[in-house]
Amino acid sequence: MDWKTLAEALFGSDRGLTLDGELLHGEVALDDEPLTVVGTTGHAPIGVRLALAQARVVLDTVARHPGRPILLLIDTQGQQLRRRDELLGINRAMAHLGMSIDLARRRGHRVLGLVYDQALSGGFITSGLIADACDALPQAEIRVMRIPAMSRVTKLPEAMLTGLSRTNPVFAPGVENYVAMGGVRRVWTGDLRAALRQALADAPTEDRRALDGAQRGGRRLAAAVMDRVLEAP
Amino acid sequence: MTATTPIARANAVAASAASTSAVAANSYAECSARERLAQLLDPGSFHEWLPPAERVMSPHLAQLGVPSAFDDGVAIGRARLDGRTVFVAAQEGAFMGGGVGEVHGAKLVGLLRRALRERPAAVLLLLDSGGVRLHEANAGLIAVSEVMRAVLDARDAGIPVIALIGAANGCFGGMGIVARCTDFVVMSDLGRLAMSGPEVIEASHGVEEFDARDRALVWRTTGGKHRWLSGDCDALVEDEVAAFRRAAIYAMDALPTARAVTLEALEAEHALLARRLALLDAPVSGDDALALWRRLGVEDAASVPDLDVAEVVALRTGAAVPENH
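So the protein sequences, as listed, match chains A and B. Letter by letter, the first sequence follows residues 1 to 233 in this note's numbering. Letter by letter, the second sequence follows residues 1 to 325 in this note's numbering.
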């Protein structure tokens with residue numbers, strides 16, 4: 001979904017939101033309560049500059065508006081695949097973005113990720129996947145890699161991966177698979193503003209994604225293995 | 001030029017001591033994960049949880065006709081280091097490139113959560129990973145994010161997390177992010193730390209962007225010397241298990257408790273990363289790694305690839321360290 005259409009559905013207009021290149025940020029109101037919005041558009045690749053720009057918005061919110069909820073709007077093709085970004089320590093810049101979001105969480109901000117278009121790999125780990133909860137729109141696309149590319153890297157036949165992806169959510173792109181594995185908490189349907197209100201109200205503060213994955217049947221072992229480590233003699 | 005932080009000075013001492021040692025050195029890079037554990041920790045002290053005999057394996061690989069490992073590529077447990085109780089994980093790069101799958105990731109998360117309860121002096125992560133295991137891509141991606149969160153939970157509880165990077169696969173993808181979420185990163189000059197591998201970048205933007213076969217270029221971009229000079233690792237050591245052991249003990253001495261992740265600390269980190277980014281705003285003629293080192297204050301940048309570890313350790317300037325570090 002286009003970010004302006006989304007903003008209109010969530011907040012009545014896109015007033016308060018600014019687009020700087022591929023960075024989307026601003027302050028909006030939900031039920032007269034202020035909310036910080038930060039994210040990206042246009043399937044942005046997340047390089048050092050864009051990771052820092054997002055971290056800046058998060059840190060400013062923590063410093064100036066204690067407790068204010070933060071909505072992460074996610075549309076990314078993943079990390080920037082450039083040598084210059086690697087030289088400059090893109091992994092450190094992305095860790096910094098993730099740690100800034102994590103600090104906001106720990107200081108009492110409700111932080112909610114929303115995949116409104118596309119989410120991939122590194123760009124997702126340090127946004128929605130480090131928030132209190134990450135939700136998605138039904139038409140969103142979430143993946144690590146497309147099946148043809150995965151086939152090349154793993155040297156497994158494409159037809160085999162496609163076949164397995166119908167029965168096992170670990171291989172295939174798709175919002176439903178991420179819901180089944182607990183990575184995405186839920187998909188928003190119907191009134192989007194009501195969904196946002198609800199999502200902020202019931203965002204968990206504990207990491208319960210492995211438990212969700214087990215209950216939903218998409219990730220059957222993770223929670224049990226964590227427990228076995230805790231109890232191992 | 002002198003090293004400007006206590007850590008750098010102490011490490012310079014440790015590194016020069018290592019280079020004059022007469023004892024035959026075991027290469028950290030050439031060891032398996034279990035050999036590293038046996039040699040790095042106090043002798044005989046490693047007690048493994050979910051060892052291979054328990055066969056806690058990936059539920060996904062068999063379906064693909066791919067061989068599984070009885071430990072899913074990571075050994076975890078409790079041990080002693082210099083007499084102190086530590087928790088430790090060692091990734092085995094020979095199995096699926098150290099890729100993080102559902103079970104592998106859950107073992108790491110379980111270890112870090114157990115640390116909250118039993119409060120070891122530190123958690124050591126011996127990283128050797130290409131990142132998410134693509135054979136179970138979605139589960140691996142979520143697992144890496146759970147590891148990130150668990151590392152930050154451990155630090156929030158005051159338990160230091162120390163990353164050791166010097167194995168053959170380096171530390172890439174999501175694990176490259178995880179490493180930078182820890183308190184202290186030790187690297188050897190053979191270690192590599194980055195996000196995307198050179199092959200992935202070359203495949204995506206061409207050989208002009210990144211020639212993955214140019215080993216010198218790969219090391220200037222991702223290797224231990226570069227990460228030391230730019231401040232992305234906290235200790236640079238020789239490729240010897242004993243050197244990693246000394247650095248880990250040093251890190252524990254320096255960190256009786258985890259470095260607190262505060263707003264002030266993240267502002268200092270932000271300022272450092274923004275300054276570094278600006279260093280390459282001006283046009284670069286020639287190699288941009290050498291230009292970055294020069295602009296960080298390393299005068300004879302061109303000689304860095306030929307210097308030994310102790311010499312490179314001494315070259316790092318204050319520009320590579322956050323102001324409140």
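Among the clues, some could well be false.
[Said to hold, decoys possible] Quick list of the computed label-pair ranges, beta carbon to beta carbon:
#, chain 1, residue 1, chain 2, residue 2, range
1, A, R106, B, R119, 18 to 28 angstroms
2, A, G16, B, L280, 29 to 39 angstroms
3, B, R294, A, R220, 51 to 61 angstroms
4, B, E311, A, L30, 53 to 63 angstroms
5, B, A271, A, M160, 25 to 35 angstroms
6, B, A260, A, P138, 33 to 43 angstroms
7, B, S303, A, L30, 50 to 60 angstroms
8, B, R294, A, G163, 46 to 56 angstroms
9, B, A268, A, K155, 41 to 51 angstroms
10, B, A212, A, H43, 19 to 29 angstroms
11, A, R216, B, E311, 54 to 64 angstroms
12, A, P148, B, A212, 33 to 43 angstroms
13, A, R220, B, A94, 25 to 35 angstroms
14, A, R216, B, A260, 31 to 41 angstroms
[Unchecked claim] Here are a few chain A residues that face chain B, going by a calculated C-beta distance under 10 angstroms:
#, residue
15, R15
16, L19
17, R84
18, D102
19, L103
20, G122
21, I125
22, L137
23, P138
24, M150
25, Y178
26, L200
27, A210
28, A222
29, A224
30, E231
By construction, these hints were calculated from the structure, which means they are not laboratory data. In this text, all values refer to a predicted model and were calculated from it rather than measured experimentally. Virtual Cβ for every residue (Gly too), placed ideally from N, Cα, C.
Please name the hints from earlier in the document that this structure breaks, with their numbers sorted from lowest to highest.
-> 5, 12, 15, 16, 22, 23 and 26
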